[in-house]
Amino acid sequence: MNTFLVLAASLSVLNTGLHLFAGGREIARPLLEARSLPDNVRCVQYFCWHIATLALALQAAVFGVAAFMPDQMALAIVGTAFAAAIALLGIVLPPFLKISYKTMPQGWLFVPVSALGLAGLAM
Numbered sequence: 609m610n611t612f613l614v615l616a617a618s619l620s621v622l623n624t625g626l627h628l629f630a631g632g633r634e635i636a637r638p639l640l641e642a643r644s645l646p647d648n649v650r651c652v653q654y655f656c657w658h659i660a661t662l663a664l665a666l667q668a669a670v671f672g673v674a675a676f677m678p679d680q681m682a683l684a685i686v687g688t689a690f691a692a693a694i695a696l697l698g699i700v701l702p703p704f705l706k707i708s709y710k711t712m713p714q715g716w717l718f719v720p721v722s723a724l725g726l727a728g729l730a731m
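With our numbering, the residue at position 118 of the sequence shown is 726, and numbering never jumps.
Please keep in mind that the hints were generated in silico from the structure rather than gathered at the bench. Not one of these hints is a red herring.
As a list, the in silico SDA-like pairs of lysine to any residue whose alpha-carbon atoms are at most 25 Å apart:
#, residue 1, residue 2
1, K706, I635
2, K710, L697
3, K710, A642
4, K710, E641
5, K710, P638
6, K706, C656
7, K706, R650
8, K710, G625
9, K710, R650
10, K706, L696
11, K710, A663
12, K706, G631
13, K706, A692
14, K706, A695
15, K710, A693
16, K706, Q653
17, K710, A630
18, K710, L640
19, K706, V649
20, K710, T661
21, K710, L628
22, K710, A636
23, K706, H627
24, K710, E634
25, K710, I699
26, K710, G631
27, K710, R633
28, K710, Y654
Just need the whole structure built from these sequences, with the hints factored in.
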């Protein structure tokens with residue numbers, strides 16, 4: 609068992625839960641109810657929210673499988689690269705949009721996942 613990858617999987621499960629429950633209440637539901645937006649914008653964004661949910665759950669799964677199956681380290685590489693890409697996007701985007709990290713802090717959630725993935729790959 610790779611402890612670092614177990615921790616990366618656990619944090620990924622936590623991120624998925626935050627996305628599902630807090631994000632559903634604060635982002636997805638208001639978006640779906642925003643009748644001032646055109647249906648194509650509102651519904652496509654709602655669809656994208658569900659894609660993000662699936663991607664986060666898949667990230668947890670790939671770390672979980674790699675943690676217990678050393679011959680599946682390619683999955684840990686994918687999970688780590690995915691987490692690092694999301695972290696980078698989430699850290700760069702708020703200053704680009706001229707908003708604070710208080711408004712959009714999500715990218716920082718992926719920094720420890722990336723670090724744990726890298727640590728797990730180094731074992």
